[in-house]
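Engineer: Below are the chains, spelled out letter by letter.
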Amino acid sequence: MNTTLAFNSFQEKLDKDFNIEPKDVMPDDYRKHLIRQISQHAHSEVIGMQPEGNWISRAPSLRAKQILLAKIQDEGGHGLYLYSACETLGISRDELIEQLHEGKAKYSNIFNYPSLSWADIGAIGWLVDGAAIVNQVSLQRTSFGPYARAMVRICKEESFHQRQGYEIMATMMSGTKVQREMAQDAMNRWWWPSLMMFGPHDSDSPHSGKAFEWKIKLKSNDELRQKFIDKTVQQAEVIGLTIPDDQLKWNEDKQGYDHGEINWDEFKRVINGNGPCNKQRLDHHKKYHADGAWVREAAAAYAETNSKF
Amino acid sequence: MTNQEALYIYLLRLGDNALLNGHRLAEWCSRGPFLEEDLAMTNIALDNIGRAQAFLKYAAAIHGKGKTEDDLAYKRSEREFYNHLITELPIGDFAYTVAKQLIISCFDVLVFTDLSNSKDETIAGIAAKALKESRYHFVHARDWSYRLGKGTEESHRRYQHAIQDLWMYTGELFEMNEVENILLQEGISNNLQEVKSNWINLIMPILQESSIRIPTVDYMQTGSCKGIHTENLGHILSEMQYLQRAYPDAKW
Ligand SMILES: [Fe+2]
Ligand SMILES: [Fe+2]
Numbered sequence: 160m161n162t163t164l165a166f167n168s169f170q171e172k173l174d175k176d177f178n179i180e181p182k183d184v185m186p187d188d189y190r191k192h193l194i195r196q197i198s199q200h201a202h203s204e205v206i207g208m209q210p211e212g213n214w215i216s217r218a219p220s221l222r223a224k225q226i227l228l229a230k231i232q233d234e235g236g237h238g239l240y241l242y243s244a245c246e247t248l249g250i251s252r253d254e255l256i257e258q259l260h261e262g263k264a265k266y267s268n269i270f271n272y273p274s275l276s277w278a279d280i281g282a283i284g285w286l287v288d289g290a291a292i293v294n295q296v297s298l299q300r301t302s303f304g305p306y307a308r309a310m311v312r313i314c315k316e317e318s319f320h321q322r323q324g325y326e327i328m329a330t331m332m333s334g335t336k337v338q339r340e341m342a343q344d345a346m347n348r349w350w351w352p353s354l355m356m357f358g359p360h361d362s363d364s365p366h367s368g369k370a371f372e373w374k375i376k377l378k379s380n381d382e383l384r385q386k387f388i389d390k391t392v393q394q395a396e397v398i399g400l401t402i403p404d405d406q407l408k409w410n411e412d413k414q415g416y417d418h419g420e421i422n423w424d425e426f427k428r429v430i431n432g433n434g435p436c437n438k439q440r441l442d443h444h445k446k447y448h449a450d451g452a453w454v455r456e457a458a459a460a461y462a463e464t465n466s467k468f
Numbered sequence: 087m088t089n090q091e092a093l094y095i096y097l098l099r100l101g102d103n104a105l106l107n108g109h110r111l112a113e114w115c116s117r118g119p120f121l122e123e124d125l126a127m128t129n130i131a132l133d134n135i136g137r138a139q140a141f142l143k144y145a146a147a148i149h150g151k152g153k154t155e156d157d158l159a160y161k162r163s164e165r166e167f168y169n170h171l172i173t174e175l176p177i178g179d180f181a182y183t184v185a186k187q188l189i190i191s192c193f194d195v196l197v198f199t200d201l202s203n204s205k206d207e208t209i210a211g212i213a214a215k216a217l218k219e220s221r222y223h224f225v226h227a228r229d230w231s232y233r234l235g236k237g238t239e240e241s242h243r244r245y246q247h248a249i250q251d252l253w254m255y256t257g258e259l260f261e262m263n264e265v266e267n268i269l270l271q272e273g274i275s276n277n278l279q280e281v282k283s284n285w286i287n288l289i290m291p292i293l294q295e296s297s298i299r300i301p302t303v304d305y306m307q308t309g310s311c312k313g314i315h316t317e318n319l320g321h322i323l324s325e326m327q328y329l330q331r332a333y334p335d336a337k338w
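In the order they appear, the protein sequences are chains H and A. According to our numbering, the first sequence is numbered sequentially starting from 160. According to our numbering, the second sequence is numbered sequentially starting from 87.
These are calculated hints, taken from the structure and not from any lab test. Treat the hints loosely; a few may be bogus.
[To be verified] List of simulated lysine-lysine pairs, DSS-like, C-alpha gap at most 30 Å:
#, chain 1, residue 1, chain 2, residue 2
1, A, Lys151, H, Lys336
2, A, Lys337, H, Lys390
3, H, Lys374, H, Lys390
4, H, Lys315, A, Lys151
5, H, Lys446, A, Lys236
6, H, Lys315, A, Lys337
7, H, Lys374, H, Lys315
8, H, Lys427, H, Lys369
Next comes chain A alone, as it looks inside the complex (with noise of 0.2 Å):
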């Protein structure tokens, strides 16, 4: 694999990762438990969907061939796909979609922060901008997360049972291959081994804070760095990539 290689899938896992979570986030739009939080949720979905824009256009761009960001989003098929499982998941309850956020937002966190300081300057300027937004993302699922762990003995009930169905699908966040090795060593990416030990040192007080139990799996799904996807995302890209499929030669 070429460096360039590399960073072609690395930069469609950035973008994926954003894309997938902003179009799931989206499907709150008008069904919010009330307005303010629906508007919230739209926000933190379009916060993502410019990202994936933004990762996407590199990518077209490295790419080469005159590609765009939507032919990447729009033409590609499940197998080319490579964000985290957990971003293509369905929101579920509100409770469901707290701890997805809670669990993305702290990686996004740590994520950005490392890459703000990449070598490649892209990506720095892309990730500076993504851990602004990502930090009111954190900070809004955390808060909700004290609210659900400590309100009603329902919210708490709905809520831990949300965060053991998630956890296992936190150890691929962390996993590295070929792919992130080469850009390691270019700092260009980020080390996710150290991001793991960062992401349980601050995501554990937290649900601790939330009278939440930490879950123990015995099991890590994984698959999403090679392609390998859940049922889910089939299902996605045929409603998201409709129009784009139907009438090949339409420009919109």
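The shape of chain H in the complex, shown without the other chains (with noise of 0.2 Å):
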């Protein structure tokens, strides 16, 4: 960046795309809106991790096993970039988990379902991870500086995951019959929920408009969406799954597929508490937290004692 070039205000720095750094001087309401962005990212990193650790333990080949550890701990790396990066705007990381466990942070709705058999392991991979790409592309040239390239770094990585994902389902759909079962299964209870990361239909997402405005956003939901179900609609019948939408088809006017009406009644329940693992998720994340408690207050005794570490 031309670090010669003075911008008279917040606005003016927007106006030229050019990135809002920690230092400068920022609308309170934009500071609030990143840091309630970037930490829901950051939880949904971190809580992602437990779905798919669910299946660590029972990886059915050595390079299965290492591969599903790998991808988890990048999950976790992602966290801790998008922790940092929220630290940048006057938050600390315990704050941030304070608000996750007092439900006051949220994180993306997908982890709130099960993962109940080795095929979901590659669904998540595929769907959840190839919808989080497309979102985070879009958010690479987002205003805030530090987000913009923790997303850069993010996006090498999902791209390994989503393809990761994808080589499970086609491995399986070349497998026995009760391996496509499987896979056909994890597909049918992963699509919807994929859709669902998008958030609300563009109609009914009424804070949209000031992220627009200070350029946190910069795709609407309905677009992104769109994006995510004509590059994976292909992607499943090159291996033969079905896309449980019957009302799916190709839309020849706007070069993209139409897709049947998604269940907001079940988005709305499961965002508000009410969805098969998002107490169990919490919990978890609670238990652990506490459970370290005594092992993080040792580190910090011993450092304050020992000025070498």
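Two independent chains are provided; combine them into the complex using the hints.
Structural biologist: Printed below as a string of structure tokens:
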């Protein structure tokens, strides 16, 4: 960036498409909006470790076990970058975790669904990471510098995850009858929640106005969802999976697929706490955070008396 | 016992140690005291599983008959595993895991230092990589040993307790039987009695610096070199091998 450029205001910098940096003066609501969004993103990476972690001990080959472990480790790493990006806005990780535990901060709804078979590990990588990438690619140009840069690093890894997930699905679809059934069942369970990851229809998302003005959000929920559907339908067809939507069809005019109605009642119900795993995921995080308190205290006490640490 | 048979069992032992240690460490995933430590544990787990894969692949090649490393990991039963008992013990609390990892990593650093000069080139190659990794694992465990030992009253109590509980599993690390004796003569494996005195010299000062009393135990557990394990192994295998056992025709 050209450092000799001086900007008279936040607005001017935004208008000229320069990144807003932590030391810049920024409107309070911009800061609040970012803290909410980035922390939700960070918590999602971390809570997302649970459904996938559920299969580490049962991964069916040494290679699969390593790929899965490394993948989950990447997600934890994404959580770290994002917590750091959020901390530049003047809030600590402890405070962010407290907000999560109190239910004030959210995480992606998708992780409130259970991972029931090995095919779910394929479906999560392919569909959930696949949906996340579409969103994150557009966020690489988001207006807040630390967030945009975190997205650039994260996107590189996410595309690996998506390919690895797809590979699991492809292997299972070319396997035995039982494996094909597992894969289709996972597809059936994960498809709709993946579409919900993009949030409500544009006509029903009241908060995005400011996010667009501030260039935090660059593409609408429906635009991003459409992108995801268009790239994923073909991938499903190639390996013989059926998309569980009988209204799905190619629309020549818009050069994209039309899809059936998303069950927004389910979406609202799960977001409001009544999904299959909401309580389990949060309780898990709280439990292990509490269990680790004595370790954090020991490390802090040791650091205080031993400056070399 | 032929040299080939001894080599096969020895490789299983090296592979199984890494596999069980890695499998257990991976249980920390999403359960660490804070995110950085969660990732550190998974990292060590990953190194171990990679190492297991390398040793078991070589074991499969020695065994012949078209077996793969996955056949060895997923289709052997409890009595055919040769990992040290300590690797299969539960992860316990964080202090228990640190104590386990200190005991194991001190041992690994010494063993892989020797094995990186093994006359068997494949073993030497795997060991050289394992040595680099184990040095990191050692530093990680050592630093946590200091922090827990001298951190708070609670961390000291938990850590002392863990070292005390685990000490009776350290004896069998240094047991030598026909397998080791045959391979030692061939210059393939190392002398575990020498490793023992080096291990004591390595771990004692760390425990002392951590203000930990060195346990005295009147009995050392034994059995894994004969494939006799704790009750833990059966449960681990029933989980780890579930898909391979439930769907024997499937490829993953
Ligand atoms: Fe991620
Ligand atoms: Fe990912």
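Engineer: Work down the list of hints and note, for each, if the structure agrees.
Structural biologist: Against the structure, the hints come out as follows:
no.: 1; hint: A:Lys151 to H:Lys336; result: holds, 28 Å
no.: 2; hint: A:Lys337 to H:Lys390; result: holds, 27 Å
no.: 3; hint: H:Lys374 to H:Lys390; result: holds, 25 Å
no.: 4; hint: H:Lys315 to A:Lys151; result: violated, 41 Å
no.: 5; hint: H:Lys446 to A:Lys236; result: holds, 25 Å
no.: 6; hint: H:Lys315 to A:Lys337; result: holds, 29 Å
no.: 7; hint: H:Lys374 to H:Lys315; result: holds, 22 Å
no.: 8; hint: H:Lys427 to H:Lys369; result: holds, 22 Å
Going through the hint list in order, the structure does not satisfy hint 4, though it satisfies all others.
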